[in-house]
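Under UniProt numbering, read the sequence shown as residues 1 to 263, first letter to last.
Source of the hints: derived by calculation from the structure; they are not laboratory data.
Bear in mind the structure is a predicted one, so any value in this text is a computation, not a measurement.
Please note that the accuracy of each hint is not assured.
Said to hold, decoys possible - Using 30 Å as the maximum straight-line C-alpha spacing, the simulated DSS-like pairs for lysine-lysine come out as follows:
| hint | residue 1 | residue 2 |
| --- | --- | --- |
| 1 | K102 | K142 |
| 2 | K102 | K143 |
| 3 | K102 | K72 |
| 4 | K72 | K34 |
| 5 | K102 | K34 |
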Amino acid sequence: MTSTSTSQTTQNAVSSPPLLLHAPRTPTSFHGDKFEDVEDWLASYDRVAAFNLWDEDRKLRNVYFALEDSAKTWFENHESAIPTWQDFRRQLLDTFGSNERKERAEVALQSRAQRPNESVAMFVEDMTRLFNRADPTMSETKKVRHLMRGVKEQLFVGLVRPPSTVVDFAREATSMERALQQRFAHYGRPANITAMDANMPQLGTESEALRELVRSIVREELQKLRPVEQQPGVGAISDVIRDEVRRAVQPMACPSRCLSRMS
1 MTSTSTSQTT QNAVSSPPLL LHAPRTPTSF HGDKFEDVED WLASYDRVAA
51 FNLWDEDRKL RNVYFALEDS AKTWFENHES AIPTWQDFRR QLLDTFGSNE
101 RKERAEVALQ SRAQRPNESV AMFVEDMTRL FNRADPTMSE TKKVRHLMRG
151 VKEQLFVGLV RPPSTVVDFA REATSMERAL QQRFAHYGRP ANITAMDANM
201 PQLGTESEAL RELVRSIVRE ELQKLRPVEQ QPGVGAISDV IRDEVRRAVQ
251 PMACPSRCLS RMS
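Let the hints inform the model, and build the full structure from the sequences given.
Structural data, given as structure tokens:
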């Protein structure tokens, strides 16, 4: 009798559902508005469901309480045709999904570059988010190409042999980033000095062209400040000639006058 009750107690303990030692989380609401991202909401709902230990049947039963406005109306109209959670996901995406999400991610990938104070790890994580939105089946080669195009110049130069996977890129670029940080700290060199110098003109032809441009601007400004010179007229020219003749004749007339005075 004792062994039988012990066996039943053991079986009940094994078959009983797990006890939650924490308060359940409440999913955020989805309204079906244009500004809402249905894929982000589904990811958030799945995270809450995993925390609450919901299986797919329970997720489907509870999802009604997380829907509002247009989304709730849609679910009420089609609930009979949604027998499973996977059916709900598929039909929800078909109804409220948008191609703009993919297009925005593709545009962002073309212009995304590592920011001055952004670590390699954070850059890779944000790029991974864009990869998943633009093309969930994107190849590793294409991902690495995007990463190499957007990584900081000093890291791009150091990655002489391009990595073959995103994991390899993150490992090699992070290792190089740490080495550069240690070197900057050792010599007391600002980490962003390369970014500051990148905007300065280079020596050689570019520097000479800049100097010539400055000279031309200064000459133009000085020309504007200089008064317009008056061109001499006909009368002014005759006066100049007369003065010059008088000056030339005066030395010749001086000896005769001087002799008359002496006598």
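Results for each hint:
| no. | hint | in the structure |
| --- | --- | --- |
| 1 | K102 to K142 | holds, 16 Å |
| 2 | K102 to K143 | holds, 15 Å |
| 3 | K102 to K72 | holds, 25 Å |
| 4 | K72 to K34 | holds, 15 Å |
| 5 | K102 to K34 | holds, 15 Å |
Taken one by one, the earlier hints all hold for this structure without exception.
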